[in-house]
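All chains should be built: construct the whole structure from the sequences, respecting the hints.
Here are the chains, one letter per residue:
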Amino acid sequence: MTTTIATKEELKQRIEAAIPGASAEVRGDDGHHFQAVVTAPAFAGLSRIAQHRLVYDVFDGELGGRIHALALQTKAE
Amino acid sequence: MSDETQNPLRDAIEDAIGSNDVILFMKGTPEQPMCGFSARTAGALQALEVPFAAVDILPDPRIRQELSALSNWPTIPQLFVRGELVGGCDIVMEMYESGELAELLGAEPEQAPAPTVDAAQAAPLSIENRLS
Chain A
1 MTTTIATKEE
11 LKQRIEAAIP
21 GASAEVRGDD
31 GHHFQAVVTA
41 PAFAGLSRIA
51 QHRLVYDVFD
61 GELGGRIHAL
71 ALQTKAE
Chain B
1001 MSDETQNPLR
1011 DAIEDAIGSN
1021 DVILFMKGTP
1031 EQPMCGFSAR
1041 TAGALQALEV
1051 PFAAVDILPD
1061 PRIRQELSAL
1071 SNWPTIPQLF
1081 VRGELVGGCD
1091 IVMEMYESGE
1101 LAELLGAEPE
1111 QAPAPTVDAA
1121 QAAPLSIENR
1131 LS
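Chains as they are written, first to last, in the numbering used here: chain A, 1 to 77; chain B, 1001 to 1132.
Rather than coming from a laboratory, the hints here were simulated on the basis of the structure.
Away from chain B, derived, C-beta distances all over 10 Å, residues of chain A:
| id | residue |
| --- | --- |
| 1 | Ile-5 |
| 2 | Lys-8 |
| 3 | Ala-17 |
| 4 | Pro-20 |
| 5 | Gly-21 |
| 6 | Arg-27 |
| 7 | Asp-29 |
| 8 | His-32 |
| 9 | Thr-39 |
| 10 | Ala-44 |
| 11 | Glu-77 |
Derived lysine to any residue pairs resembling SDA-like cross-links, with alpha carbons at most 20 Å apart:
| id | chain 1 | residue 1 | chain 2 | residue 2 |
| --- | --- | --- | --- | --- |
| 12 | B | Lys-1027 | A | His-33 |
| 13 | B | Lys-1027 | A | Glu-62 |
| 14 | A | Lys-8 | A | Val-58 |
| 15 | A | Lys-75 | A | Arg-53 |
| 16 | B | Lys-1027 | A | Ala-71 |
| 17 | B | Lys-1027 | A | Ala-69 |
| 18 | B | Lys-1027 | A | Arg-66 |
| 19 | B | Lys-1027 | A | His-32 |
| 20 | A | Lys-75 | B | Met-1093 |
| 21 | A | Lys-75 | A | Glu-16 |
| 22 | A | Lys-75 | B | Glu-1097 |
| 23 | B | Lys-1027 | A | Gly-64 |
| 24 | B | Lys-1027 | A | Ile-67 |
| 25 | A | Lys-75 | A | Ala-50 |
| 26 | A | Lys-75 | A | Ala-36 |
| 27 | B | Lys-1027 | B | Asp-1060 |
| 28 | B | Lys-1027 | B | Leu-1070 |
| 29 | A | Lys-75 | B | Ser-1098 |
| 30 | A | Lys-8 | A | Gly-65 |
| 31 | A | Lys-12 | A | Val-58 |
| 32 | B | Lys-1027 | A | Leu-63 |
| 33 | A | Lys-75 | B | Glu-1094 |
| 34 | A | Lys-8 | A | His-32 |
| 35 | B | Lys-1027 | B | Ala-1039 |
| 36 | A | Lys-75 | B | Trp-1073 |
| 37 | A | Lys-8 | A | Arg-66 |
| 38 | B | Lys-1027 | B | Trp-1073 |
| 39 | B | Lys-1027 | A | Gly-65 |
| 40 | A | Lys-75 | B | Glu-1100 |
Given the structure is predicted, the values throughout are model-derived calculations rather than measurements.
We put the beta carbon where it would ideally sit given N, CA and C, even for glycine.
See below:
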């Protein structure tokens, strides 16, 4: 696993690359704690749990470790 | 990774989720939370005055590993209601603010609260004691 410090730009880019049609607004400058608002048509009809899982899956294994915390808000449109 | 055929810790976690209507896995205890996310989530449940069970995942890192493997959810806290994962801090707080959490838990925040026992029951399982 890479140990470089995470950035909000990296998180935004990875979320948008992984979830079709997603647009992500990511805040957080300390390299460990981030807040993201993610809007994606792919979320339509999904429970909040399922929506958040789609985003968590982008960072499989890194949450709680390299990325200490990612506060999430998800919207279908 | 652990073998699923012999996993008493995972069994104990599953059992706790199955036998408590409202159960929160958190860092620390409701009285003494060890993380802001756990504190906020426990605080929302306490504000609704619903009884809930709480499990501190800090005593052994394997509790968290097994819980996340079981729930397919990477972070702590995790709130389960009637056996179903509801979410972590973000989802619980969003639902608390919208009133959905009160509805899910059958709480009636607008009316006089029903008399309840202490909001936080004792931890239903002492997982740390099961580990040698």
